[in-house]
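Construct the entire structure; sequences and hints are all you get.
Number of protein chains: 2
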Amino acid sequence: MATLVENGVNVEQLVGTVNAIKGQPGIARFKFRTTSQWGGGAKSTASVKSFYGAGQEDASRTQTFRLEGDEPPVLLGSNTAPNAVEALLAALSGCMTVAFIYPAAAEGITVHELSFAIEGDVDLQGFLKLSDRIRPGLQSIHVTARVKADAPRAKIQALLDHAIGTSPVMDSLKNGVPVSVHLAE
Amino acid sequence: MATLVENGVNVEQLVGTVNAIKGQPGIARFKFRTTSQWGGGAKSTASVKSFYGAGQEDASRTQTFRLEGDEPPVLLGSNTAPNAVEALLAALSGCMTVAFIYPAAAEGITVHELSFAIEGDVDLQGFLKLSDRIRPGLQSIHVTARVKADAPRAKIQALLDHAIGTSPVMDSLKNGVPVSVHLAE
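Those protein sequences? They're chains A and B, same order as listed. For the first sequence, the working numbering gives the first residue as 1, with consecutive numbering after it. For the second sequence, the working numbering gives the first residue as 1, with consecutive numbering after it.
Rather than coming from a laboratory, the hints here were simulated on the basis of the structure. Accuracy of the hints is not assured; some may be wrong.
Copies of the same chain are indistinguishable here, so a pair counts whether it falls within one copy or spans any two.
List of simulated lysine to aspartate or glutamate pairs, EDC-like, C-alpha gap at most 16 Å [what the hints assert, rightly or not]:
1. LYS49 - GLU68
2. LYS31 - GLU57
3. LYS129 - ASP161
4. LYS22 - ASP121
5. LYS49 - GLU119
6. LYS148 - GLU113
7. LYS148 - GLU185
8. LYS22 - ASP132
9. LYS174 - ASP161
10. LYS31 - GLU6
11. LYS174 - GLU119
12. LYS31 - ASP58
13. LYS49 - GLU113
14. LYS155 - GLU68
15. LYS22 - ASP150
16. LYS148 - ASP132
17. LYS31 - ASP121
As structure tokens, this is what we get:
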């Protein structure tokens with residue numbers, strides 16, 4: 001029997017994964033990681049390789065992914081890489097993509113195009129502590145989704161609403177996450 | 001007169017920027033952007049170039065930065081790039097770097113090494129809607145900072161606390177951001 005693949009997603013594996021988690025919920029717990037190194041000025045490099053999930057340390061990755069950060073000159077950097085807020089918005093776009101495509105695949109809806117245009121507003125008076133009334137973080141994020149799929153608009157809107165409600169990065173940004181910071185010896 | 005540079009940061013420009021914002025607070029308002037394209041399966045590419053800040057559209061960038069996203073095989077991807085949660089943690093590390101280094105430079109504290117090891121916990125039962133009690137987002141984020149600097153540990157801790165309190169990505173994650181999503185025609 002042929003493997004059912006929709007939108008580039010192996011639907012049999014997706015259904016199998018969901019059923020495996022139903023039988024053994026602990027395998028759904030994942031720990032993702034990064035380690036960064038400062039590179040002078042505004043520059044940093046974050047490395048990503050190991051993670052824990054499905055009950056074990058992952059062994060599938062043979063390469064380390066590196067994500068560079070910098071600032072533009074107006075923010076005292078040298079424009080070698082996106083800044084952290086831009087990287088955050090990019091992470092949101094990647095998460096919304098998966099949170100849209102997987103359920104669409106599971107429902108047998110072919111998607112032809114999916115893009116997210118995202119804008120985030122920040123007032124650097126917060127970062128610079130020039131005002132107690134202005135937060136350091138983003139004041140708002142606006143996402144515009146563009147979708148071409150073999151489904152009526154109401155169904156596409158329902159898939160988009162599902163993605164908004166299930167995307168880990170979207171939920172983390174909308175509702176916040178407890179963060180602890182520890183200074184190593 | 002020589003330009004004062006500390007930690008690779010032009011301190012004169014930093015002080016000048018702060019003073020300019022004090023005189024004209026509107027220039028502190030920035031809008032950062034990304035536009036993503038789905039690439040089949042779990043893959044997406046986010047492009048970053050334009051932003052608004054300091055009262056105008058930025059014209060300094062000649063290149064577009066591209067940030068790739070994917071998933072590992074256990075999450076139905078093909079391991080070509082970090083996933084969105086990993087990218088989120090990387091963004092946090094880059095933001096904490098800048099939020100630590102700039103104030104250190106302004107205070108004349110030489111930093112030799114700065115790294116952040118970050119781990120985030122997620123239970124995919126939330127993403128898969130297998131439980132109403134488990135959120136889709138990260139349940140916690142743990143950051144370990146390693147710093148070598150010409151300052152006593154108490155001062156390094158104070159700089160770290162300052163970074164925690166002023167990093168835009170840290171504040172966005174800890175306290176949440178209003179997000180609106182619109183489906184284009």
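Hint-by-hint comparison with the structure:
For a Cα distance limit of 16 Å, the shortest separation of LYS49 from GLU68 qualifies both inside one copy, at 15 Å, and across copies, at 15 Å. Only within a single protomer do LYS31 and GLU57 lie at most 16 Å apart by alpha-carbon distance; the minimum there is 9 Å, versus 39 Å between protomers. In this assembly of identical chains, LYS129 and ASP161 lie within 16 Å of each other by CA distance solely across copies; the values are 13 Å between and 36 Å within a copy. Taking the shortest alpha-carbon separations for LYS22 and ASP121, neither the intra-copy value of 40 Å nor the inter-copy value of 19 Å comes in at or below 16 Å.
In this assembly of identical chains, the alpha carbons of LYS49 and GLU119 lie at most 16 Å apart only when taken from different copies (12 Å versus 29 Å within one copy). Taking the shortest alpha-carbon separations for LYS148 and GLU113, only the intra-copy value of 5 Å comes in at or below 16 Å, while the best inter-copy value is 47 Å. With identical chains, the CA atoms of LYS148 and GLU185 are at most 16 Å apart between copies only, with a shortest distance of 10 Å across copies and 53 Å within one. When the C-alpha separation of LYS22 and ASP132 is checked against a cutoff of 16 Å, the pair qualifies only between copies, where the shortest distance is 14 Å, while the shortest distance within a copy is 47 Å.
In the homo-oligomer, the alpha carbons of LYS174 and ASP161 lie at most 16 Å apart inside one protomer (14 Å), although the nearest pairing across protomers, at 24 Å, exceeds that limit. In this assembly of identical chains, LYS31 and GLU6 lie within 16 Å of each other by CA distance neither inside one copy nor across copies; the values are 28 Å within and 36 Å between. For the homomeric pair LYS174 and GLU119, the shortest alpha-carbon distance inside one copy (15 Å) is at most 16 Å, but the shortest distance between copies (20 Å) is not. Taking the closest pair of Cα atoms, LYS31 and ASP58 come within 16 Å of each other only inside a single copy of the chain (10 Å); across copies the shortest separation is 37 Å, beyond that limit.
Taking the shortest alpha-carbon separations for LYS49 and GLU113, neither the intra-copy value of 29 Å nor the inter-copy value of 21 Å comes in at or below 16 Å. In this homomeric assembly, LYS155 and GLU68 never come within 16 Å of each other (Cα to Cα): the closest approach is 38 Å inside a single copy and 28 Å across copies. In this homomeric assembly, LYS22 and ASP150 never come within 16 Å of each other (Cα to Cα): the closest approach is 30 Å inside a single copy and 53 Å across copies. Proximity of LYS148 and ASP132 under a CA criterion of 16 Å is satisfied in neither setting, with 44 Å inside one chain copy and 30 Å between copies.
Taking the closest pair of Cα atoms, LYS31 and ASP121 come within 16 Å of each other only across two copies (5 Å); inside a single copy the shortest separation is 30 Å, beyond that limit.
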